[in-house]
Amino acid sequence: MGDEPTATSRREFIWAAGGLLLVASLVFSPQILHPTDLVVGRQHGGRNDLTAQFLAMRTFPREALGRGDSPLWNPWILLGQPWIGNPQAAPLYPPNWIAAALGHPAVLSWLLVCHQIWAGLGTYLFCRRLGCRGLTAWWGGSLVVGAPFFVAQMGEGHFNQVCLAAWIPWTFWAYEGWRRRLPAARCWLPICLTAAVCCGHVQEAYYLVLVLSLACGVEALVHLLKGRAFDAVRLLGSWVWIGLLTAGLTAVEVAPIVVHMQQAVRGRSFSLAEIAALSPGWDHLWQLLDPFVLGGPDAFEGSGRFYWETLCHFGLLGPLFAAWGMLAGVRRAGVLRWTLALLFAGLFAFGPHSPVYALCHQLLPGVALFRVPSRMLFLASVLLASLAAVGAETLWITTSRRKARTFWGVLGLVALCGWIYCMAAARLPANPPAWQLALGQPSAWGWLATGCLAAWLMTLRQPRAAWMAGMLLVGASTIQLAGVSQALLQTVPVSGLRRDAPLLAWLNSHALRDYPRILARHEHLSDDEANRFRLCKLCGYEPVPLVRTYDLFDALTGGREIGEQMLGFLPITPQHWNKPLLDLLGVQWLVTDTDAGPLEGWQPIQRGNMAPLVVPRGSSPSEVPFVLYHNPTALPRAFVVGHVDVLRRHEAFSQRPKQWDPRATVLLDRDVLPAGERAEFQAATIIEYGTDRVVLEARLSAPGYLVLTDLWYPGWKARDAQGRELPVLRANHALRAVPLPAGEHRVTMTFSPPLWWLAAGVTVLSLVLWGSDTWLSFRRVAACDGATPAATPDPPQGQP
Numbered sequence: 001m002g003d004e005p006t007a008t009s010r011r012e013f014i015w016a017a018g019g020l021l022l023v024a025s026l027v028f029s030p031q032i033l034h035p036t037d038l039v040v041g042r043q044h045g046g047r048n049d050l051t052a053q054f055l056a057m058r059t060f061p062r063e064a065l066g067r068g069d070s071p072l073w074n075p076w077i078l079l080g081q082p083w084i085g086n087p088q089a090a091p092l093y094p095p096n097w098i099a100a101a102l103g104h105p106a107v108l109s110w111l112l113v114c115h116q117i118w119a120g121l122g123t124y125l126f127c128r129r130l131g132c133r134g135l136t137a138w139w140g141g142s143l144v145v146g147a148p149f150f151v152a153q154m155g156e157g158h159f160n161q162v163c164l165a166a167w168i169p170w171t172f173w174a175y176e177g178w179r180r181r182l183p184a185a186r187c188w189l190p191i192c193l194t195a196a197v198c199c200g201h202v203q204e205a206y207y208l209v210l211v212l213s214l215a216c217g218v219e220a221l222v223h224l225l226k227g228r229a230f231d232a233v234r235l236l237g238s239w240v241w242i243g244l245l246t247a248g249l250t251a252v253e254v255a256p257i258v259v260h261m262q263q264a265v266r267g268r269s270f271s272l273a274e275i276a277a278l279s280p281g282w283d284h285l286w287q288l289l290d291p292f293v294l295g296g297p298d299a300f301e302g303s304g305r306f307y308w309e310t311l312c313h314f315g316l317l318g319p320l321f322a323a324w325g326m327l328a329g330v331r332r333a334g335v336l337r338w339t340l341a342l343l344f345a346g347l348f349a350f351g352p353h354s355p356v357y358a359l360c361h362q363l364l365p366g367v368a369l370f371r372v373p374s375r376m377l378f379l380a381s382v383l384l385a386s387l388a389a390v391g392a393e394t395l396w397i398t399t400s401r402r403k404a405r406t407f408w409g410v411l412g413l414v415a416l417c418g419w420i421y422c423m424a425a426a427r428l429p430a431n432p433p434a435w436q437l438a439l440g441q442p443s444a445w446g447w448l449a450t451g452c453l454a455a456w457l458m459t460l461r462q463p464r465a466a467w468m469a470g471m472l473l474v475g476a477s478t479i480q481l482a483g484v485s486q487a488l489l490q491t492v493p494v495s496g497l498r499r500d501a502p503l504l505a506w507l508n509s510h511a512l513r514d515y516p517r518i519l520a521r522h523e524h525l526s527d528d529e530a531n532r533f534r535l536c537k538l539c540g541y542e543p544v545p546l547v548r549t550y551d552l553f554d555a556l557t558g559g560r561e562i563g564e565q566m567l568g569f570l571p572i573t574p575q576h577w578n579k580p581l582l583d584l585l586g587v588q589w590l591v592t593d594t595d596a597g598p599l600e601g602w603q604p605i606q607r608g609n610m611a612p613l614v615v616p617r618g619s620s621p622s623e624v625p626f627v628l629y630h631n632p633t634a635l636p637r638a639f640v641v642g643h644v645d646v647l648r649r650h651e652a653f654s655q656r657p658k659q660w661d662p663r664a665t666v667l668l669d670r671d672v673l674p675a676g677e678r679a680e681f682q683a684a685t686i687i688e689y690g691t692d693r694v695v696l697e698a699r700l701s702a703p704g705y706l707v708l709t710d711l712w713y714p715g716w717k718a719r720d721a722q723g724r725e726l727p728v729l730r731a732n733h734a735l736r737a738v739p740l741p742a743g744e745h746r747v748t749m750t751f752s753p754p755l756w757w758l759a760a761g762v763t764v765l766s767l768v769l770w771g772s773d774t775w776l777s778f779r780r781v782a783a784c785d786g787a788t789p790a791a792t793p794d795p796p797q798g799q800p
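The sequence shown finishes on residue 800 if you use full-length UniProt numbering, and the numbering steps up by one all the way, no holes.
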């Protein structure tokens, strides 16, 4: 391998893309065979984050725009929440526009598959930049296309995470070119980082920037130790400039998210004990040989709680060749740099079980904000695949062929003997330990023997044998990874997704006039159905809930399993919910699984069965029973109340509903109306209820407060019929209130994401700076090329 990047022609790139497309068609064959299906995992009966959250989130803009609204605020789940500013909405990521425009559920699955191919292409170019020829770089890309950790994340429906991970190899490719001072890489590096940030999951983007910043810092330190202070300052200064450009380009995406996180629950640091509960243990290293040695996603017995978050399998051939690549190429700066990055990422992924992570948790800002450090396995998968390609390349061009041939021949014989022994040995005992189960798998030894044969063929002097070895590597690893993928994934046909339900249509016909809320678990009313039927659903899937929403659910549930109740994953037990607070929030309808008998304050309306939310292909559907109740004492969604009770800053809201009548008083930080006669409780009228605009009418006999039982959030403004701006106060801890004098009023509330337009200006300015910087870089290179004689061409790869 040469020190300089290996150039890739357009024809080679097209051939590589076609080859990776073929690999993807084998790895994701269920999706290829059923192109209109939705890809899911085999756990939870096909239910995952894709069906619970992202299907609704990606189609919400289509539903809103179809009604003539702007998709800025989602009023249909929880108490309402911002869509622009939600950390996982990713409104500026172009592939999400495709999902919103087409609206078909299968589009999300195809976007996931396309992102896997995109990740493979990025790895191919990264390997080429490390000096690999086309075939070995293609093999490195194929290892990423079918990377088991990526596939496991797809199975759990982690759409944003997989999309972001697809940009990791492209960022490595751009970074490697940037540090070699290639002008095109200086152009692409901030773009790749911006794309990663805009995918909608900050954790992986943070890990990516962390690894690259550490790599840059270590390289600058080496320059200083060698007495090249100017090179160190230039390197760090250029990296800071790239960071500032990226921050400016992503400002329009990040600024609303910063506001959201200031209002959210998960703005705190996690302790090592909390993080250890979701981190893989050292027993997960046996997954290197068998991905199911600790069980599968539906029956997991390892540490870390979730299979898809702790899977330490990279295929069987990749780690073998990556180890050779790290050892054989340790003297090369490029290989050594990425070897250290791989070791850091791998050790970091084990969380508090590793001293590397424990040290980072104490010293590096931001590390403690994320509770699943195993997401670093995204980066480890890419780096391992790239170093595996480097290992195959070193075998192809090695000058010590006899030693390498002897080593791989002996190792292959050992693997073959292991395979023969496992095939001939007696069956494993019941419940064997993980090490015995992993070492007792004949398939593991068989794949290792195949890899050793390929390596041995590469050490021969015949080019044809080397090409055969390369094709054997690609074919064997693709078959093995495809087997893992098919064990992890299944598909759901469109007919297996509930698109219509008589109960929801009935609720829709009874809810459009005054927009009452509905208390139902996810299986009875999903977030996507709430969007499509315009039903205000009290529960909703939001992994990063807002603090005031969480506080209300704390009071609603009496502190019982707040998170699971808020997500809507647990059966509804009406006796355990705070009825007066449900009345305040306008919950008129309740859907339960079974008839709970006579319930005080609830009237049974109808009973029946409805189709399940998700039915995987080949499964038999079982209907879901339901009982619908009506709440006659629920307050209207908008009402007027005159008297005020001050809720002090540090007073616990969860204790207030027991001694407070919302029909008599409204809880405010302070009373802004003048003393004197106040309005009595009466209902207001909702004239218009949209995603970013609410129009209310109210008649007051005396000054009072117009209360809307939607979430208070920065960015909501109110105006009267004459266009005068009115203050929007935080009422009853989490809701909105507008102070009004006596008389008839028409109040219009509108939402605009805080700081969005200012951040948009910063992004536009950064685009101008990025374009100018790119133009100057290319012009500087052109000037240098014109002033210096042509360089002597490099010798062919592998020749002195």
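Note that these hints are calculated values from the structure, not bench results. Do not rely on the hints blindly, as some may be mistaken.
Dumping the calculated DMTMM-like pairs for lysine to aspartate or glutamate here, alpha-carbon to alpha-carbon at most 25 Å [said to hold, decoys possible]:
| no. | residue 1 | residue 2 |
| --- | --- | --- |
| 1 | 579 | 551 |
| 2 | 579 | 600 |
| 3 | 579 | 500 |
| 4 | 717 | 744 |
| 5 | 717 | 593 |
| 6 | 579 | 564 |
| 7 | 579 | 593 |
| 8 | 717 | 564 |
Going through the hints against the structure:
Distance check on the hinted pair: residue 579 and residue 551 sit about 16 Å apart at the alpha-carbon level, within 25 Å; holds. For the hint pairing residue 579 with residue 600, the CA-to-CA distance comes to about 9 Å; that is within 25 Å, so the pair holds. Restraint check: the Cα-Cα separation between residue 579 and residue 500 comes to about 30 Å, which exceeds 25 Å; the hinted pair is violated. A threshold of 25 Å between alpha carbons decides the hint, and for residue 717 with residue 744 the separation of about 19 Å falls inside it, so the pair holds.
Taking the CA atoms of residue 717 and residue 593, the gap is about 40 Å. The hint is violated against a cut of 25 Å. Pair hint residue 579 plus residue 564 holds up; C-alpha atoms about 19 Å apart against a cutoff of 25 Å. A hinted pair counts as satisfied when its Cα atoms are at most 25 Å apart, and residue 579 with residue 593 qualifies at roughly 19 Å. Our distance criterion of 25 Å between C-alpha atoms is broken by residue 717 and residue 564, whose separation comes to about 32 Å.
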